[in-house]
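Top line first, the protein sequences correspond to chains A and B. The letter at position 160 of the first sequence is residue 159 when you use numbering that gives the first Met the number 0, and the numbering goes up by one with no holes. The letter at position 56 of the second sequence is residue 55 when you use numbering that gives the first Met the number 0, and the numbering goes up by one with no holes.
No lab work stands behind these hints: they were computed from the structure. Check each hint, because a few of them may be wrong.
Computed far set for chain B versus chain A, every beta-carbon distance over 12 angstroms [to be verified]:
no., residue
1, 2
2, 55
3, 93
4, 95
5, 110
6, 113
7, 125
8, 132
9, 134
10, 173
11, 198
12, 203
13, 208
For each label pair, taking beta carbons as the anchor points, the in silico distance ranges come out as [claimed, not checked]:
no., chain 1, residue 1, chain 2, residue 2, range
14, B, 132, A, 178, 32 to 42 angstroms
15, B, 247, A, 103, 49 to 59 angstroms
16, B, 282, A, 93, 35 to 45 angstroms
17, A, 127, B, 283, 25 to 35 angstroms
18, A, 242, B, 351, 57 to 67 angstroms
Ideal Cβ positions, reconstructed from N, Cα and C, are used throughout, including at glycine.
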Amino acid sequence: MDQTPPYEGAPDASLSQEPVYLPCGDAAVTVQFASWRDPAANVAVTALDDALAWDPVPGFLEAAPSFRSLLVRYDPLETDAATVVEALEDLRLGALETALAPTPPRLWRLPVAYGGAEGADLPEVAAETGLTEREVVARHRGAPHRVAMLGFLPGAPYLEGLDAALDLPRRATPRQATPAGSVAIAAGLTVIYPVESPGGWRLLGRTPARLFEVDAAPPALLAPGDLVRFEPASADEVASLVERAARGEWRPPLETALEASRQ
Amino acid sequence: MSEIGAVLEVMDPGLATSVQDLGRPGRLRIGVPQGGALDRTALRLATAITGGAAAKAAALSAAPPGPAALEIRYLGPRLRVVEGALTAALAGADALLHVDRAETALGRQGDSAEATPLTGLRVHPGDVLRVGALRGSATAILALGGGVLTPLTLGARATFARGGFGGVEGRLLQAGDRLEIAVGASSAQRIAAGAGPPRAMPDAKGVWTLRLVDGPQAALFDASERARLCATVWAVTRQADRMGLRLEPAADGAPPAPLSPLDPTDVDIVSDGAPEGAVQIPGDGRPILLLADRGATGGYPKPAVVASVDIPLLARLQPGDRLRFHHVSLDAARAALFAAERALRGALGHIEPAGEPGVIDVEKLWSANLITAHAAADTDLHREDADQKPPETSEG
Numbered sequence: 000m001d002q003t004p005p006y007e008g009a010p011d012a013s014l015s016q017e018p019v020y021l022p023c024g025d026a027a028v029t030v031q032f033a034s035w036r037d038p039a040a041n042v043a044v045t046a047l048d049d050a051l052a053w054d055p056v057p058g059f060l061e062a063a064p065s066f067r068s069l070l071v072r073y074d075p076l077e078t079d080a081a082t083v084v085e086a087l088e089d090l091r092l093g094a095l096e097t098a099l100a101p102t103p104p105r106l107w108r109l110p111v112a113y114g115g116a117e118g119a120d121l122p123e124v125a126a127e128t129g130l131t132e133r134e135v136v137a138r139h140r141g142a143p144h145r146v147a148m149l150g151f152l153p154g155a156p157y158l159e160g161l162d163a164a165l166d167l168p169r170r171a172t173p174r175q176a177t178p179a180g181s182v183a184i185a186a187g188l189t190v191i192y193p194v195e196s197p198g199g200w201r202l203l204g205r206t207p208a209r210l211f212e213v214d215a216a217p218p219a220l221l222a223p224g225d226l227v228r229f230e231p232a233s234a235d236e237v238a239s240l241v242e243r244a245a246r247g248e249w250r251p252p253l254e255t256a257l258e259a260s261r262q
Numbered sequence: 000m001s002e003i004g005a006v007l008e009v010m011d012p013g014l015a016t017s018v019q020d021l022g023r024p025g026r027l028r029i030g031v032p033q034g035g036a037l038d039r040t041a042l043r044l045a046t047a048i049t050g051g052a053a054a055k056a057a058a059l060s061a062a063p064p065g066p067a068a069l070e071i072r073y074l075g076p077r078l079r080v081v082e083g084a085l086t087a088a089l090a091g092a093d094a095l096l097h098v099d100r101a102e103t104a105l106g107r108q109g110d111s112a113e114a115t116p117l118t119g120l121r122v123h124p125g126d127v128l129r130v131g132a133l134r135g136s137a138t139a140i141l142a143l144g145g146g147v148l149t150p151l152t153l154g155a156r157a158t159f160a161r162g163g164f165g166g167v168e169g170r171l172l173q174a175g176d177r178l179e180i181a182v183g184a185s186s187a188q189r190i191a192a193g194a195g196p197p198r199a200m201p202d203a204k205g206v207w208t209l210r211l212v213d214g215p216q217a218a219l220f221d222a223s224e225r226a227r228l229c230a231t232v233w234a235v236t237r238q239a240d241r242m243g244l245r246l247e248p249a250a251d252g253a254p255p256a257p258l259s260p261l262d263p264t265d266v267d268i269v270s271d272g273a274p275e276g277a278v279q280i281p282g283d284g285r286p287i288l289l290l291a292d293r294g295a296t297g298g299y300p301k302p303a304v305v306a307s308v309d310i311p312l313l314a315r316l317q318p319g320d321r322l323r324f325h326h327v328s329l330d331a332a333r334a335a336l337f338a339a340e341r342a343l344r345g346a347l348g349h350i351e352p353a354g355e356p357g358v359i360d361v362e363k364l365w366s367a368n369l370i371t372a373h374a375a376a377d378t379d380l381h382r383e384d385a386d387q388k389p390p391e392t393s394e395g
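Using the sequences and the hints, build the whole thing.
Okay, structure coming up:
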């Protein structure tokens, strides 16, 4: 194939910057907008993903947006990489225009019981950052976090927007079991565990929000591009909301970011 | 909604048997891989044999989810027919599908029959189906009638154990589970002898060859490292499941240095989407082949991806198997895929009635209202005939 591009893209791609189309086997291509994690690139990924959902290219199977690239799977019996790349490039140029008038993102307010049994690593995070526990919580609940992608488990979000002072590596030894609803940080990001699973992220707290329910429409609560604001709650409040959520009586409140800015 | 034609009870689940179909594409974005049968070729062949016209059409189109079947790993299950009649067929491994016949008015107790892969076997209430240890493959498909009717979850019946949904309660089969089976073919069918699609085999030294095409991080690895990926004979380790296969160098002598990217910090990339068949190189330099139930995204570089035509072959690999990679162009991979698909569709065009030697067609007798003392006497005669044959093992 002649469309194999050089690996290195522009260091800080944005919507208007050209992505590189990377080969990804004979049934997918990877559209990469930046050489490292970059919020502008993530916006470009979301825009192309949306455009593809509205106007699927022939033979398209599914797409998986991630921090700085979009995986596009196609049926190799229906089409080929060169045709898909050409169609994606047309879509990207079209998405550039619509992105001038973006729809306001959704803003979720997620209650979190910080520290204690719900956030077992809060003391350690405070010690390693030189902050008090109260300061760690203040910095984490501060600015809204943006869902960059869903990934390691069904419905599990990776959130950008972590305060730089809280940028720590993962735990040296992962936990065998991290409880469902755990809000955890590492590598400059926040994640939320939808179900109990092993994990090496540092637990700050627990949210009662149910992130993935097979019978819900859509099954994943959060979507790439959504904003999330964490709001401190007591352990008792969270425990009670966990029960109400399990009975289908509670979902976290949702508003558009535009509404939020008017309050 | 499909009509229920039969009900089976799981007497023994085997080692790791799960309900699988062609999976649920479209949800990778929310962290759910397509999943489904590891060996889609075997699934399409077996379900077309047992499912009748609708299943054959589904097998030809290969549009997910298609009818669901049982995916067997290493050791097969024992299943008892509780009610209804159905056809069962095995595909994907060298194993026999056995049936121990129930006692009936015709006195068939103690009868047993067996079928080779790609051959349907008709079973009735009280009959017990069993599949023993698989040979030549880690995985086989056992198709049952028009398909296993576990509930559609997120668009498919496939079991996704890591997510806890699909199949029977999102888990592997357990003893006591009841499986409802859709109405399928009304008589036993098979793929005509010699018409099955060609089956890849290891070379004379027992080494498999898997074709590779470039992956998204190919350029992070020096050409010599990528050449080494293909020059090394790899062995499948015991870390082998529906998520992936971990490999290690098979060399008897000093193990070669682990594969590494040009820039050592590139062992951790920004997580991105991972297709089925991706060759992932973690920090220890030993490849992991990602399979149907992989994580939707991965943070290790993927210099290569197994060509689509060889994905079903990954289902057959078991711990200890040795393999070598062969890098091909996208055009060559596509041409090979088209050839394999033509062969598969050709096989689906050669489905014919399967005789069941040594077994009276009870259903035909029932429907012709001939269940009489004569029929029972015929069965006894037939049995005497069988007893008079010299045992096959006495030859050569």
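Going through the hints against the structure:
no.: 1; hint: 2; result: 25 angstroms, holds
no.: 2; hint: 55; result: 18 angstroms, holds
no.: 3; hint: 93; result: 28 angstroms, holds
no.: 4; hint: 95; result: 33 angstroms, holds
no.: 5; hint: 110; result: 44 angstroms, holds
no.: 6; hint: 113; result: 35 angstroms, holds
no.: 7; hint: 125; result: 36 angstroms, holds
no.: 8; hint: 132; result: 32 angstroms, holds
no.: 9; hint: 134; result: 30 angstroms, holds
no.: 10; hint: 173; result: 20 angstroms, holds
no.: 11; hint: 198; result: 20 angstroms, holds
no.: 12; hint: 203; result: 28 angstroms, holds
no.: 13; hint: 208; result: 16 angstroms, holds
no.: 14; hint: B:132 with A:178: 32 to 42 angstroms; result: 40 angstroms, holds
no.: 15; hint: B:247 with A:103: 49 to 59 angstroms; result: 51 angstroms, holds
no.: 16; hint: B:282 with A:93: 35 to 45 angstroms; result: 40 angstroms, holds
no.: 17; hint: A:127 with B:283: 25 to 35 angstroms; result: 27 angstroms, holds
no.: 18; hint: A:242 with B:351: 57 to 67 angstroms; result: 59 angstroms, holds
The structure meets every hint from the earlier list without exception.
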